[in-house]
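Asks: In case you want the letters, here they are:
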Amino acid sequence: MTNKLHCPDYYINVDFPESLFFAEVYLKLTIPERDVLYIHGDTAIIGHDKGIALCPIANYHNILSHKVDLTINTGSMQEMSDEYVAYYMDAIQKANCDHFFSFNYFNQRIERQLEGMNCAAPVMGKDWSCTFRAYHHADMERGGMAEIFYSRTCKPEELLTRAEAAVRRPSPSNGLEFLELFDDVRGVDRADLLIEAAASAVLGMPYIPREALWLARKVQPTSYAERAFLYLLEKQAAGVDVSRTQDGSVRGHVDGGVVFADGLSYPIAQQTGGMLEGCMEMLGAVQLVGWAGDLARNLPVEAIVASVNGKLISKAVPIGRREDIEAGYGNGVQPAKFRIKVPLPGEPGQGIPEVCVFGLTSDHKAVPLSASGLPAGTIAHIVTGISSKRKIYSFLGQG
Amino acid sequence: MSDTKQYDIVETAKKNFRRAIKEGEDKKLPDAGERWGNYCSQTRLMIERFKTAQEVVHYVQNPLNNTGFETRPSGEALVPVAISMEDFCASNYPEFREYIHSFAETPMSLPETTTPLNGRLVSAPLLWHMRVVMAVSRLCRPRTILEIGGGVWRPGARMDDQ
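Taken in sequence, the protein lines are chains A and B. Just so we're aligned, residue 1 is where the first sequence starts under my numbering, counting upward by one. Just so we're aligned, residue 1 is where the second sequence starts under my numbering, counting upward by one.
Don't take each hint at face value.
To be verified - Quick list of in silico lysine-lysine cross-link-like pairs, PhoX-like style, CA-CA up to 20 angstroms: (1) B:Lys28 / A:Lys94; (2) A:Lys94 / B:Lys27; (3) B:Lys5 / B:Lys51; (4) A:Lys155 / A:Lys126; (5) B:Lys15 / B:Lys51; (6) B:Lys15 / B:Lys5.
Just so you know, these hints were derived from the structure itself, not from any lab. Because the structure is a prediction, the values reported are computed rather than measured.
Produce the entire structure from the sequences given, and follow the hints as far as they go.
Replies: Following this line, the structure appears as structure tokens:
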């Protein structure tokens, strides 16, 4: 740790408290002569302009007025949820800082996001313009990384001109060209320009980059053509397995109290196997989250399977621990947390697909998962329908 | 550093951590999402168990613990990665070649995640950090930096040797 190239006077690290715990210990162990300021809610930072500061995310807004020369993010914004990206974009917009450097994933295949958790990040506000950009391609499977330097120098009247010029260019055929296109149109709200840019990327690139979906979503389509285009992109993305825990090749069905999966039979046990706790709707699929376990034997389940109208359609393995479940049912139930994406047949609302979710145990039983608020032992059904204006997903129980 | 001093460092960090968590409860922060939510909940389980600072650093740097806050190739796999990353910086940032040797890993890091290279100790995070510093330094020389998601040790690498 003897970097002689460039050392700023003041460095502020904004991160999860869990990450800052490691940072604080590391810094104090390896460079004990340095002062490390931990920014709590009542910490006065006025006058602090030298050294290192660690700022938990919850207190980020307390320091936005502090003058900062450069904000940076490298290698992590693509791993954040959409909500966190929006949170940081809002903070950057309000911060007393006019420059932002990003070095993050870009141009990954829409159906293979690897560690990515969103469709595009960062997405700067309208008054930010890119003064430097480079694209570093890894390979066709992983896409690449975009290195971008933004400054708060863009005039609103420039946005439209730049976007119109961008969509007149030939379709992008490589990562850098797509980066230029994306960056030139991201700030406009005109549906025709956004959809043109997304379609241009779909046609020109060797594979569909996920940022094309971001552009198509921003359109908020109304016409049949725009809706169909977005629908097709969403269908592609619905196959994405962000945790690489999902097996879309599962074959089987549910019949007569037995789950048949990949040639094996699993009688449905009269015991609860966990809970469905959340359902995220997307075009062509639902994503279910919850926990599952072989509670009778204090073990994790081997897999979670979902059936649609009696046919097994997807399979996932549990990933991630749940302290509350381990405390309540035994510490052998780990990992318990899971997420499973369930493609639905046809257009949402055309018929009502019945979705059932089971945990498969190592002693070949299928344990049904309940939905929140339902008695243990019931099978969860997700009933999809269309109300007058919006889609409705709800859980119903059935013994 | 003595065990007592290391213990004090960890206890202070625990206090800061607990207070930050409590302060965060009063604010409506976004959901961390599946990936980081899992890493954070695993880390919360571990934090109260730590005793010494060295133990903490080795824990977070150990690829087997999969904490997510650092990605560290280890063993034989590290050597070609390190050579490739250093070569990349040397060829893409030739104006900064003379500084490459000033980026060195601390010997307190987990040994299997470090390797000697051209006369000093390196690791994959260190070389990634070097690349970022070079990329930024070509564009500007900021006196004050705010890093979103700075992770475990980027501050140290950047701030040392003022």
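Asks: All the hints need checking, so say for each whether the structure fits it.
Replies: Consistency of the hints with the structure:
1. Among the hinted pairs, Lys28 of chain B with Lys94 of chain A is consistent with the structure: their alpha-carbon atoms are about 18 angstroms apart, no more than 20 angstroms.
2. Taking the CA atoms of Lys94 of chain A and Lys27 of chain B, the gap is near 18 angstroms; set against the 20 angstroms cutoff, the hint holds.
3. As the CA atoms of Lys5 of chain B and Lys51 of chain B are separated by approximately 11 angstroms, the hinted pair is consistent with the 20 angstroms bound.
4. Straight-line distance between C-alpha atoms of Lys155 of chain A and Lys126 of chain A comes to about 8 angstroms, which keeps the hinted pair within the 20 angstroms bound.
5. The hinted pair formed by Lys15 of chain B and Lys51 of chain B meets the criterion: a straight-line CA distance of about 13 angstroms does not exceed 20 angstroms.
6. Proximity of Lys15 of chain B to Lys5 of chain B is assessed by CA-CA distance (about 15 angstroms); at most 20 angstroms being required, the pair is judged to hold.
Going down the numbered hints, you'll see the structure goes against none, and every one checks out.
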